[in-house]
Every structure is written in structure tokens, then in C-alpha cells.
Amino acid sequence: MVSLKFQKWLSANVLQCQRGKVWLDPNENNEIYMANSPQNIRNLVKDGLIIRKSTMIHYRSQARCMKEAKKKGHLDMVKGNVLKNNPVLMESIPKLKAEQARKKTLSYQFEAKVANNKTSRER
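Last residue of the sequence shown: 123 (full-length UniProt numbering), numbering continuous.
A hint or two may mislead.
[Unchecked claim] Only pairs whose alpha carbons sit at most 25 Å apart, straight line, appear in this in silico DMTMM-like list of lysine to aspartate or glutamate: (1) 8 with 28; (2) 103 with 91; (3) 53 with 28; (4) 5 with 47; (5) 5 with 28; (6) 67 with 28; (7) 70 with 47; (8) 8 with 25; (9) 72 with 99; (10) 5 with 31; (11) 21 with 31; (12) 46 with 28; (13) 53 with 91; (14) 118 with 91; (15) 53 with 68; (16) 53 with 31; (17) 70 with 91; (18) 5 with 25; (19) 113 with 99.
Bear in mind the hints are in silico, worked out from the structure with no lab data behind them. Bear in mind the structure is a predicted one, so any value in this text is a computation, not a measurement.
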């Protein structure tokens, strides 16, 4: 396998694009390797051994779909896949508040029980 870095760079200059946009025919490596001037590269481009790749097209349909979902409240991004959309978030808030209230009452009951046991021991 021969290195075609120089030929790729030269063809990018001739085609006036980036090196990533240049396609070199893998079956004709030896013939491309012999090309060491812009004129030789132009001949290879004319023969179809070197091609400029087409530009990537970014469609807006997916972006429109995401925007619509966000407008409806279905894309609340939360790290960890816990509360990914608005309905789940609305369901979980009362549950979390109830859990906190339950913990608070349990701690108060435990403190009252400890204090009651202390007073009963002192008598």
C-alpha cells in the first residue's frame, strides 16, 4: 500500500476543497501515485479516478420535529434518563414531596419516642 497523502493534498488544491472531500479510486493506487503535478491530477479528475465528494445536506425535518415535541413539553432533558418528559415530571413531584413529609414525621416520632424513654428512665 503506497502513501497517497501528497496526491490527496494536491488534488484538494486542484479541486479547491478540503482533503476529506477528495475520493481517490482504490483500484488505481499505482496510477494515482505516479501523478506528482497539478496537471497530472487534472487529467485523473477528467478520467474519473479522483472525484470531489458531494457536500452533506442537513435536513430540517428532524429539527422541526424536536422543536414541536419541546413545545408540547416532551423533551425536558434530565441527566440520567430519570424524568425525561413533562408528564413523568409532574407525577413524580408529589411523590417526592410525600416521601420527604413521611421522613420528616418519622424523624419527629423517633425523637419524641427517645425523649419519652429518657423521661421514663429518670422517674
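Evaluated hints:
| no. | hint | verdict |
| --- | --- | --- |
| 1 | 8 with 28 | 13 Å, holds |
| 2 | 103 with 91 | 19 Å, holds |
| 3 | 53 with 28 | 17 Å, holds |
| 4 | 5 with 47 | 20 Å, holds |
| 5 | 5 with 28 | 15 Å, holds |
| 6 | 67 with 28 | 47 Å, violated |
| 7 | 70 with 47 | 50 Å, violated |
| 8 | 8 with 25 | 11 Å, holds |
| 9 | 72 with 99 | 29 Å, violated |
| 10 | 5 with 31 | 14 Å, holds |
| 11 | 21 with 31 | 20 Å, holds |
| 12 | 46 with 28 | 14 Å, holds |
| 13 | 53 with 91 | 51 Å, violated |
| 14 | 118 with 91 | 42 Å, violated |
| 15 | 53 with 68 | 33 Å, violated |
| 16 | 53 with 31 | 20 Å, holds |
| 17 | 70 with 91 | 18 Å, holds |
| 18 | 5 with 25 | 14 Å, holds |
| 19 | 113 with 99 | 21 Å, holds |
Of the numbered hints listed earlier, those contradicted by the structure are 6, 7, 9, 13, 14, 15.
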